[in-house]
Every structure is written in C-alpha cells, then in structure tokens.
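Trainee: The residues making up each chain are set out below.
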Amino acid sequence: MSKHQQRDEHHAVREEWLPDRQPPAGAPIWDARLRRILAEVDPEMRRRTSRGTSGDVSWWTEIARWRNAAAAFAAAAAVALVLAELSRAPRSVPSDALLLDVVASDGDPAALWRAAGIPADPALALAALAGRQNEPSSGAERSARLENGQ
Amino acid sequence: MSSTDAAPDEALAARVRRGDRDALEVLVRRYIRPVHAVAASYLLEPADVEDAAQETFLRAIRRIDSYDPGRPFAPWLYQIARNVARNARSVGSRWRTLPISDALRATRPEPDLELERAEIRARVDAALARLPERRRTAFCLAEVDGYATEEVARIMGLTPGTVRSHVHFARAALRTALRDEPAEQAGG
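Here the protein sequences line up with chains P and A, keeping their order. Anchor point for the first sequence: position 103 equals 103 in this note's numbering, and the numbering is continuous, going up by one each time. Anchor point for the second sequence: position 54 equals 54 in this note's numbering, and the numbering is continuous, going up by one each time.
Keep in mind that the hints were calculated from the coordinates and are not lab data. We put the CB at the ideal spot given by N, CA and C, even for glycine. Any given hint could be a false lead.
[Claimed, not checked] Chain A stretches covered by chain P per the calculated footprint, using a threshold of three residues with CB under 8 Å from any CB of chain P: (1) 12-19; (2) 28-34; (3) 56-67; (4) 72-86; (5) 152-159.
[Unchecked claim] Computed footprint of chain P on chain A; a stretch qualifies when at least three of its residues, placed anywhere within it, have a C-beta under 8 Å from a C-beta of chain P: (6) 124-136; (7) 164-178.
[What the hints assert, rightly or not] Here are a few chain P residues that face chain A, going by a calculated C-beta distance under 8 Å: (8) VAL13; (9) ARG21; (10) GLN22; (11) PRO28; (12) ALA32; (13) ILE37; (14) VAL41; (15) SER105; (16) TRP113; (17) ARG114.
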C-alpha cells in the first residue's frame, strides 16, 4: 500500500501514530512513582505536621514564643505615647522673655509686634498700634463705665 | 476502602494543609496519572514528564494554603501542572525526541514500514505541538490516555462541551497535517 493510499484510507488518526499513552491505572510503575513523590514532599509535610502540633500547646508557651515581638511592640508603643504627649504640651513663650523683648523694643511699634511673635512693617505696625488704642472698649468695660455714670 | 479513600478532594486538601500524610497519599494516588498525562501533553521525554509531575505535587503542597477549599481541587492542580510543564518545556525540554516508540522498534517491522510510521508520528507530533495548549492537553487526555470527556472536563475545569470541541478541532488539525503537509515540513 502506498503512502498516499494509506493516508486517503485513514483520515482518522491512528492510535499508533499518537504519543505513547501513560501506563494503565494500577500498573506497578504508579506505586513506584507515588513512593518517589511522597519521599520528595516529605520534608514539606514534616514541616506542616510540626506546625500543626504546635497549635495544641498551652497559651503561655505560645506567649513565650511571641515574647520578643511583644516586647518590641510594647517599647515602640511607649515611645509613641511619650512623643504624642510632648507634641500635645502647649508651647507657651516664657513671660520673662516677652517682658525683656518689650523693654528692648524701646517704644518701637515694629519691635513690639516682633516681641509678640508677629513680623511687621514699621509703618503698618505703628498704624495697627494706633488703631488698637482708638478701639472702643469691651462690653464689660462699657457697662462698668455706665454704672459709674461716666 | 477507608473513609480517607472516599473523601472528596477538597476535604483531603484541607487535611494535607494540616500535615496529614494519609490524605496526601490518597490525593497523589488519585491524581498521579492525570498529572503525568498533562505533563506528557507538553513534554514527551519520559524523564521530563516524571520530573514535572513530581514538581507539580511539591508545588501544590507548598502552596496548599493558597488553595480555596470552596473551589474544585482538580483544576487548581491542573493549573500548577500546566505551569510546571510549560516552564520545563521553555527551559529546553523537547516535545519529542523519539519519533518512534520503543514498542514499535522492539517488533522490528519491515524497514520501509518503520520509516513510514516514524515519519507519520513526526508529523502528528509537529501538528500537536502547534495546537493551542488547552486543545492539545484535552486531546492528549481524551484520545491518547483514554479519559472520558467528563473526566477531562473535571480535571481541566472546562465544560464537557468545550472539551469535545477542543478534541474535535485537534483531531481535524491532525487529519489536515497528515493529509496535506509536505513531509519536509513535518519535523519542525
């Protein structure tokens, strides 16, 4: 039979042309392969088994295992707490320092504003100071003056 | 048959996660042949196929924590087998280096007939190598290793209809390769 005749006759793909099939289920080779695979994965399974049994130990053993991590966490939390407290403390200017600045300003309005922590142009500082002096007094002062008949 | 032997894959996988060797043995025994068949649809050197199957199970156990027991186990394992075999193939394993099986050689048929068979098998191999991965694997599982369509579908996570379609188109591609392709191109 020629090649062409054979191909025309067998359009279906014959089994003998296909790749070799795996040995049938139950063949002894599968047992050998199974043993090889189980031996290969044994270290991984041993690791899992030990991890699994460690779940049965008492709670204090578990705490002891995490002792170092817990101590580090507690230290970090304490530092964070101290830093938070420090940042919350009011940053008041010492009154002595303010007094010295007022004295040193020697009547200069800009220096006076600077003493209060406000940078100001000399002319604007003078104007602002004059404005404050002309400002009407507070409600409480006004009522006191009225009571006194002023 | 013990209760472990009959347990569903997903329950066995959960036990493997806790290090249960009996459950592992049942799972490996259940899937050793399909995993070899999947690897063989990528690599035809028996040693490469065996290495890939072994690596598949090792990876599966290492990654068993990432397996979602709410989903079927077989397609998850199949995906690992596919990746392992694909990597092995890209590293340098060849699709087929023996154009004619040992069994054929052992029978010592007439030299002309032997050559002709070798040529046809080389053509079939080349055509299989050109098929899309899933199509080739579905074809090899169903037609080469004789798995039922439903079983192939379960392993690959496809519907039986899709498997039938893959097998149909693979068969058509092989028939075309055998009928039309000049012999000189068959080796590639």
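Trainee: Now look at each hint and say whether the structure bears it out.
Mentor: These are the hints, each one checked on the structure:
{"no.": "1", "hint": "12-19", "verdict": "holds (count 4)"}
{"no.": "2", "hint": "28-34", "verdict": "holds (count 4)"}
{"no.": "3", "hint": "56-67", "verdict": "holds (count 4)"}
{"no.": "4", "hint": "72-86", "verdict": "violated (count 0)"}
{"no.": "5", "hint": "152-159", "verdict": "violated (count 0)"}
{"no.": "6", "hint": "124-136", "verdict": "holds (count 3)"}
{"no.": "7", "hint": "164-178", "verdict": "holds (count 4)"}
{"no.": "8", "hint": "VAL13", "verdict": "5 Å, holds"}
{"no.": "9", "hint": "ARG21", "verdict": "5 Å, holds"}
{"no.": "10", "hint": "GLN22", "verdict": "5 Å, holds"}
{"no.": "11", "hint": "PRO28", "verdict": "13 Å, violated"}
{"no.": "12", "hint": "ALA32", "verdict": "10 Å, violated"}
{"no.": "13", "hint": "ILE37", "verdict": "5 Å, holds"}
{"no.": "14", "hint": "VAL41", "verdict": "5 Å, holds"}
{"no.": "15", "hint": "SER105", "verdict": "72 Å, violated"}
{"no.": "16", "hint": "TRP113", "verdict": "67 Å, violated"}
{"no.": "17", "hint": "ARG114", "verdict": "66 Å, violated"}
The structure is inconsistent with the numbered hints 4, 5, 11, 12, 15, 16 and 17, although it conforms to all the rest.
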